[in-house]
Amino acid sequence: MWSRILVVLLMACRGIGASAQETPAAREASQTSAGDGIRGVWRVTEFASRIPGAQWESRGAPYLSQYIFTEKHYSYLYVPGPNPRKRFAGDPNKPTDAEKVEAYNSLVAATGTYSLSGQTLTLRALVHKNPNEMGEVRLTYTVDLDGDTLQLVIANPPFMPDREWRTVLTRVE
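Here the sequence shown stands for residues -20 to -1, 1 to 153, where the numbers follow mature numbering (1 follows the signal peptide of the UniProt record, and there is no 0).
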């Protein structure tokens, strides 16, 4: 009888000790659950930029956009500006150099992993249109989630040094 009680007590103490220590897996689970609010499909409703401390200058919404956040991964694509992308004039498999440049400039895309801790969102691109923003480069945003509106702000981004960039997203699903 006493041996059974001792075994139960030892198991209970072991469980208490294990739960008191935060393991890397527990930290990751905590970060993941914090990310539940941003999981889903989003569209951009506004881009804006500013010199830190100044008023935001709206750049409007892109022609088309989609941001997707899963449990640990993200992807986004958008067509900047108010107009659709131009199609290639001739053979779509043989665009001119000018058409290639225009196609490159008419799309922004990235996909990778993210972590969210409190209001800090860190993106790590596995693939990015701009190869200088891939690999070990991390982009860190301040996040504000209000219902179906998600606001991301990054200070001094590589694509706009000495400024802040704001992306406002609206949940699609």
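It should be emphasised that the hints constitute simulated quantities derived from the structure, not laboratory data. Just so we're clear, the structure is a prediction, and the values are computed from it rather than from any experiment. Don't take each hint at face value.
[Claimed, not checked] In silico BS3-like pairs for lysine-lysine, Cα to Cα no more than 25 Å straight-line: (1) Lys80 with Lys66; (2) Lys52 with Lys80; (3) Lys74 with Lys109; (4) Lys52 with Lys74; (5) Lys109 with Lys52.
Comparing the hints with the structure gives:
Of the supplied pair hints, the one linking Lys80 and Lys66 holds, its CA atoms being roughly 11 Å apart against a limit of 25 Å. Pair hint Lys52 plus Lys80 does not hold up; C-alpha atoms about 33 Å apart against a cutoff of 25 Å. With a C-alpha separation of about 20 Å, the suggested pair Lys74 and Lys109 falls inside the 25 Å cut-off, and the hint holds. Using a Cα cut-off of 25 Å, the hinted pair Lys52 and Lys74 is violated, with the two alpha carbons roughly 37 Å apart.
For a cut-off of 25 Å, the pair hint linking Lys109 to Lys52 stands: about 20 Å separates their Cα positions.
The structure does not agree with the numbered hints 2 and 4 stated previously, though it agrees with the rest.
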